[in-house]
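Novice: One letter stands for each residue in the lines below.
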Amino acid sequence: MTVASRAARPRRPSRRALLAGAVAFVGLLVWAIVTLDVEPERLLRLPGGLAHIFHAMYLEVGPEWTYLPDAIGGMLESLQIAWIGTLIGAVLSLPMGLLGARNVSGGLGSNAMRQVLNAIRAVPEVLLAVIIFIPIVGIGGSASAYAGTLAIGVHSIGTLGKLTAEVVEGIDPGPVEAARAVGGAPLQVQRWAVIPQVMPEIVAFWLYRFEINIRASAILGVVGAGGVGEALTQAMVFGRFPRAGVIIIVIIVATILIDTASGWLRRRIIQGAEARRMHGEAIEEPAFAASGAGRADTDVG
Amino acid sequence: MTTAAPPGQARPARPARSPWAIVAFLGFAAFTWWAASDEFGIGFDVARVITNLTRGADILAEFFPPNWEYLPRTFGPMLETFQMAVIASVIGCGVALPVSFLASRVTTPNLVTYLVNRSLLNLIRALPDLLYALIFVAAVGVGPLPGILALVLFNVGVTAKLLSETVDGVDPGPIEAANAAGATRTQVVRWSVLPQVLPNYVAYSLYVFELNIRASAVLGIVGAGGIGNLINTERRFFRYDNLMVILIEIFVFVFVIELISIWLRRKLV
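Chains as they are written, first to last, in my numbering: chain A, 3 to 303; chain B, 235 to 503.
Errors might be hidden in some of the hints.
According to the in silico footprint, chain B covers these stretches of chain A (three or more CB under 8 angstroms from chain B) [as the list claims (entries may be wrong)]: (1) 63-76; (2) 116-128; (3) 134-140; (4) 186-196; (5) 230-240.
Bear in mind the hints are in silico, worked out from the structure with no lab data behind them. Beta carbons: idealized from backbone N, C-alpha and C, even for Gly.
Please build the complete structure, drawing on both the sequences and the hints.
Specialist: Here you go:
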């Protein structure tokens, strides 16, 4: 019995590549830990330090509730920065994303555009604000928020453009061929055969990016680029913990509220699109003509 | 199909637009106006962008040529950034693995455990990584340690969310098979769920590592180690030629790491 079962079991595939990878990985980790001066003994201070900060923020004298209106005002500014920044990213990333898709602009063109998008994505928004936009638009008053908006907008182009290109590469080629066959110009093909297929997913990405940008804009104030982060950094650096405590509560509540609303909307958009698509196929399949045009109207609207 | 449709009916009627679409559009327009307006919002208008862009070209010209003599001084801090990202990714993704099983209904039937874990993850993700860095710097002092701690929290939030959603969607067949064979819950996770999500887990970990490289480059601005420290110093002295060197260096570094990571992900998944 043992002989038979041994013969029946297939041979284990070679694990040499996996082993080499694991060794390289562990080597990298050990090197990082050994050469970086982490001072792990300071970890012992962590629980005490955190307890002290929490105590100072919320228990010692209680949160500085009189600062609440200012904190909410700052958070609203962060919200506006994120919204306008996301819009900039959305508007500019759509054409760039289309050009970055292999099935739209061919191998060479799409590769070039992908590299441009990767390059934009490589620079974090805080860095864009510090090194490029604050020097250009200045700091203080409305200029700070403005620099932050541009930084978020430009960084969003990179991430949104990449996602757009990936979604466009996954479309059904049928409608594109149909549009070409009836003599559609390149722009008409995009408008009537590509955009309708990808729009629900792309709008969902835009909303998701907005959620991420809220977090980014809440912290851009660290470098003086507007929003609630400016007051928070001041409070933390000067040890005004009760005030920082109020600001942190405002950030948490605002982000969770926006995430919930935006998540609901995203699900609505994606599921709505799917439901409509299934519904559309059910009625349009027997009379298969015009199904592309029908879908175009329902999805864009 | 054989009978030709009467000419008047060849084209189906355009479906009526839902009133909700109009409401949604008006809401969108009003919100955008509020955010961009001078009185209530950030005072954003396109004309200003164009003026700034022309002015910006002049200012950016001052950044060039980058001061390449400064480059050798950035190698040490850049290495520190990389090391912080490596350590934080390993710890963060290591912690995230069990946490994500606890945050999925598939592997955690206990409603209370599940809800507690989910809410904790939502709470962690509600705060930006730089804020964690601010708090940890206040708690343990400046240096790479608070940076690593901030990145670890951030990683657990991201990885556990992505992975728990993957666990939610696994094929239930192997789980039923393991249950039928009398496996304990740990055995089910180990032999039925883990093999299904392992490729995704590796992909997410690499993705998080990429995020960490970018994030750890700026953590130093609040004193949490790495190249960000230098950014802070140079910007106080308005040494934009030096900042340009740092920007280009970070850019090249992130770019190379991403290429490697994409190549690895393609090989593994």
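Novice: Please go over all the hints and tell whether each is borne out by the structure.
Specialist: Structure-based check of each hint:
1. 63-76: It is violated, with 0 qualifying residues against the three required.
2. 116-128: holds (count 6)
3. 134-140: holds (count 4)
4. 186-196: violated (count 0)
5. 230-240: holds (count 4)
Checked against the numbered hints given earlier, the structure breaks hints 1, 4 and satisfies all the rest.
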